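Novice: Each chain, letter by letter, is given below.
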Amino acid sequence: MTPAAALRAALAIEALKLRRSAVARIASVLLVVLVPLASVGMVALARSPQAGGPTAAKLADYATGDLATTHLMVCAQVLSVAALAAGGFFVAWSFGRELESGTAGALFGLAVPRSTIALAKCLVTLAWIAGCVVLTVAVTVAASAVVAAVSGAPFAAWADVRTAVVAGLLGGGLALPFAWVATVTRSQLGTVGGLVGVVALTQMVVLLGGGSWFPYAAPSLWAGMGGADAAAAIGLPNLLLAAAGAPLAIAAVVDAWRRLTNV
Amino acid sequence: MTALVLDDVSHNFGSRVALDHLTLTVRPGRVTALIGLNGAGKTTALRALTGRLRPTRGTARILGHNPADLPGDVAARFGHVVESPLVYPELTVTENLCCAARLHGQPGRATARGASAAVGRMGLGPWRHALARTLSMGNRQRLGIACATLHRPTALILDEPTSALDPQGVVLVRELVRELADDGAAVLVSSHHLDEVARIADEIVVLHAGRDVGRLEPGGTDLEQRFFAMVLAADSNSAKTRTADMEYRA
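As they're listed, the protein sequences go chains Z and L. Taking this note's numbering, I'd label the letters of the first sequence as residues 1 to 263. Taking this note's numbering, I'd label the letters of the second sequence as residues 1 to 250.
Since the hints were made in silico from the structure, they are not lab data. On a predicted model such as this, the values are computed, not experimentally measured, just so you know. Built from N, CA and C at the ideal position, the CB exists for glycine as well. Each hint should be verified, as a subset may be incorrect.
Unchecked claim - Where chain Z lies over chain L, by a calculated footprint (3+ residues, C-beta under 8 Å): (1) 43 to 52; (2) 63 to 76; (3) 97 to 105.
What the hints assert, rightly or not - Selected chain Z positions facing chain L (Cβ under 7 Å, derived; list incomplete): (4) Thr64; (5) Gly105; (6) Leu110.
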């Protein structure tokens, strides 16, 4: 069996398991439905005459400016975190349950090596999260176009579409390090705990003003979550650092699965 | 050539000795049974032999290779079920078998045919489209064994293969194991069921406190009696050795 044939077999199996995964199904629906609803809904709420008090203050950034641009800005901000969360939960299940349930032990002594299976898991996760991100942005664009048509404004926010897609992909890619966490902890809940911890740590780092060089903060800040000044502080090097998370994590996970023992 | 080898293997879990200088070989065409009390080290030995556990000392070999890193062509001739089988609850019986066939190196176009044959062989026909999570424990065990054997391995390791099976399943597994061995496969089976072992094995290795304490002939009706006599003798020898060691130190 050639390495390419082994990878093809592993990809087919992992793709089948993803299609049957309750975690992936729920996360896909939440991303593709809730994020566009939140994007359009929050802008509508910010611009509603009934909005007032702390809600209006929190949504002040969305109350003015081009409608479609604002929809996609909210989409990018939410998606950069939501894709991380969805991807993190999925890798916790995909990697962690094999080690918890013991099926990882059954993956020894197979014609398809464990390292190839781990690589396939990572690639399938990336493809799924990328598909969800693109679909989520597409649904947001469609919803925004409908709202824009009703209000008589033309849809001309294509540059912001790119921002939303890139922010989502960066957030989703940063879920891959949790595949390594799942491999080390051998626990799905331990991995989810790590994910929650990193999200909390990101908040603290941003509050302390160090977010631009913190990979888990950079995509959201670039999408405008910390305001225009924080977004302007994020350059290509900051985004490349965040983008490096996925390939580095894949290399670490593949190596960890190759050296796996005591399962 | 011996197909399955544990050579002077020792392993500790903390201060507890799980395997103590265990040497074991299984030749092609033979069924070797590993029997012992709970905690005797059977599963640890099988985990070391399948590469899932790096022993503290000694070596394991499958078809002449390190089990933790089998070349693809060698792995394609190896099968095992130790503790959890290669069964995913979210997949159907047929899908699990197709996945197992592909992971054992069979080409995609051959997997459906192989899965169908395995379903018939293990009596899983009524459940072929059922999700594995809905199967009874016995049918899940049949499926696990089917997943490990559908590529007709020449080296096979089964840990307690009949523990959850009904009498019909026991007969199916016995026939399968015997047939593979008659075709030249080396089979290592661990079991608590001495009656079953007597019917299936060419050789019985008794493991106690991580050590090989002797061999039993499969025939005869007093296997249980001979097993306990061997275990008690091993305990008695260990006690004498400890006493002599303490006296020497004193």
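Novice: Each hint: holds or not?
Specialist: Hint-by-hint comparison with the structure:
1. Counting residues of the segment 43 to 52 of chain L whose C-beta lies closer than 8 Å to any C-beta of chain Z gives 4; at least three are required, and the coverage claim holds.
2. Residues of the segment 63 to 76 of chain L with a Cβ under 8 Å from some Cβ of chain Z number 7, which satisfies the need for three, so the listed coverage holds.
3. With a threshold of 8 Å between beta carbons, the proposed coverage of the segment 97 to 105 of chain L by chain Z holds, since 5 of its residues qualify and at least three are required.
4. Hint on Thr64 of chain Z is violated. Least Cβ distance to chain L is approximately 48 Å, over the 7 Å limit.
5. Annotation: interface hint on Gly105 of chain Z holds; nearest CB of chain L at approximately 5 Å, less than 7 Å.
6. The criterion of a C-beta within 7 Å of any C-beta in chain L is met by Leu110 of chain Z, whose closest approach is roughly 5 Å, and the hint holds.
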